[in-house]
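Enquirer: This is what each chain is made of:
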Amino acid sequence: MTSVIKLERSATTLPPHAWQLLPMRFHRLDANSVVLTNLVGEHVFVTPDELVSVADGTCADQELLARLRAAHVVQVPGETLPTELLAMKLRTRLRRLPDSTGLHLFVVTLRCEHTCRYCQVSRQSAAKSEFDMTEETAGRALQLAFRSPSPYLKIEFQGGEPLLNFPLVRWITTEAKRMNAGHGKDLAFVIATNLALLDDEILEFCAEQGIHISTSLDGPQDLHNGNRRRPGQDSWRQAVAGIRRVQQRLGPDRVSALMTTTEASLDRAAEIIGAYADLGLQAVFLRPISPYGFAIRDRGGANYDVERWLAFYAAGLDQIVELNRQGIPMVEIYASIIAKKMLTNADPGYVDLTSPSGIGIGALVYNYDGDIYASDEGRMLAEMGDHTFRLGNVHDSSYADVMLSDSLLDPLTESIALSAPMCTTCAFEPYCGADPVFHHATMGDFTGHKALSAFCRRNTGVFTLLLRKMRDDAYFRDLMWLWTR
Amino acid sequence: MLDFDRATVELDALQRSAYAVAAEMTVDIRASGAEYTCTLFPRSPDADGDELKHRFRSEVNDQILRARIAKETEPLRNLIFALAFSQTGLVEADTETATEA
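These protein sequences, in sequence, are chains E and R. Heads up: the first sequence runs through residues 1 to 485, numbered per the working numbering. Heads up: the second sequence runs through residues 486 to 586, numbered per the working numbering.
Because the hints were derived from the structure by calculation, they are not lab data. Computed from a prediction, not measured in an experiment: that's the story for all the values here. Glycine is no exception: its CB is placed at the ideal position from the N, C-alpha and C atoms. Any given hint could turn out to be false.
Stated by the list, open to error - Pairwise CB distance ranges, derived in the manner of DEER restraints:
#1 Ala270/E / Thr524/R: 43 to 53 Å
#2 Val52/E / Ala507/R: 48 to 58 Å
#3 Ser129/E / Pro530/R: 55 to 65 Å
#4 Pro560/R / Glu271/E: 48 to 58 Å
#5 Asp497/R / Gln143/E: 43 to 53 Å
#6 Asp497/R / Leu197/E: 52 to 62 Å
#7 Arg477/E / Pro560/R: 55 to 65 Å
#8 Leu452/E / Thr524/R: 29 to 39 Å
#9 Arg485/E / Ala507/R: 38 to 48 Å
#10 Pro560/R / Gly139/E: 47 to 57 Å
Can you build the whole structure from these sequences, using the hints too?
Expert: Here it is in structure tokens:
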């Protein structure tokens, strides 16, 4: 006998005032469209009139009410499931917190053979080995890194140009793996390099050790070389040749590239993305220049405002969508991070878009001299004489000294978005982050005045752009879903 | 200059609005009789006065709605946070997490 379970969709009709609002916020996308977000960032598009009718309890549109119930923006009194599900999703979003700190940056040398116009640090000439990290300092830093409760440890080698101190990169990698035998953490390594010094020995070591390569590619040759100067003016040629060598020896997924937007980039989004596609790279990160250190000098390339960068970003995103439509896969990294926050309950853990901020609890930086910073931007500020985000030194600070220092806890607690003016009522708060280093550098306090904050304007602009595109373009919405994976 | 009826508009909504529009104008808020009087000072000398008034009034209306929603949903918000954090294990977390062994 076959039993048939017949499921019928209950046609719940909600009369006026038969629902209650769940915690939600709204943002006007344009004159006829408002986005509502719930406590964890799930969103629904409504008209301004619909917003008022839902809030007033007078809405008669049953289809809209059903959508709002499904998105946990409203519930019927007496229901408990929506609050339980929201709590579970909130917990999921915050689950990284007890596992701090996953990313550990080792500045193995300040030496560099490039003189990039936007470089934030005080690079030293390639001959001055007194700016190299020593094994003793690196060993102390590793001990601190392994005190982190995180089950994942990513060690990123930075500079200067870290390949100028490759023996230490080799030593740290080997030592970290030896130490990890007693910890069992998921260990990963990244070398952030301009690739000009890549040779077979280094490549072989990266292959053996499973090291990922992160490099810089600012776009076409003239743009890249104009930004990234080195003797011979061959930075682009070296980078491209290096990317190809890594792709061939280690595999295409083991090398990624980052670009930095200077004034000269602003009208060249399509060419920049084309340069990435030509190399078979499938991801590009359209990054604004960071307002730290030497980048903000006149010749640093940072002389443009948020609006110009947003126009550049929008043009670049359009180009990337077009490539995907043509069957050429390409991801915009910043949009993919935000897609995860808008469409899933996963926290991608991107330091600039987390609240509490990711400084210290998301990443720690060990400078060549053993000084510990809460973020790479904090190190850049120190290069300009502002030591606000220096947490200690590996030679005389314990893990407790570092993680419980006022230099870390003050900016963390003062900048939490859930309690910051304007952020508390902002519909984009679940997508955004607290950036105490940026606000300290640009406004003189850890929270910043959000109405005047370039960080707020930039991210509000990006969130608005992505939401409008998802609202208006089903293909783009599908692409954003794809980028969450 | 814009007047708001004190019987229908909370000072908090005006102050939040003044904060939110700070990139475009600064606002002086004074209570007098049954009204709050807001004087708008544009940051740009080219700013359109009527446009600024519309902008500020719209912001005030949004802040009133936001405050109403926040007040109405506050108990549920607290409940959700309590439920979320009650099961994180943070309360019983290893106190050595941030201390030396």
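Enquirer: Please go over all the hints and tell whether each is borne out by the structure.
Expert: Hints versus structure:
no.: 1; hint: Ala270/E / Thr524/R: 43 to 53 Å; in the structure: 47 Å, holds
no.: 2; hint: Val52/E / Ala507/R: 48 to 58 Å; in the structure: 26 Å, violated
no.: 3; hint: Ser129/E / Pro530/R: 55 to 65 Å; in the structure: 56 Å, holds
no.: 4; hint: Pro560/R / Glu271/E: 48 to 58 Å; in the structure: 54 Å, holds
no.: 5; hint: Asp497/R / Gln143/E: 43 to 53 Å; in the structure: 50 Å, holds
no.: 6; hint: Asp497/R / Leu197/E: 52 to 62 Å; in the structure: 59 Å, holds
no.: 7; hint: Arg477/E / Pro560/R: 55 to 65 Å; in the structure: 34 Å, violated
no.: 8; hint: Leu452/E / Thr524/R: 29 to 39 Å; in the structure: 20 Å, violated
no.: 9; hint: Arg485/E / Ala507/R: 38 to 48 Å; in the structure: 40 Å, holds
no.: 10; hint: Pro560/R / Gly139/E: 47 to 57 Å; in the structure: 53 Å, holds
Taken one by one, the earlier hints fail for this structure at numbers 2, 7, 8, listed in ascending order.
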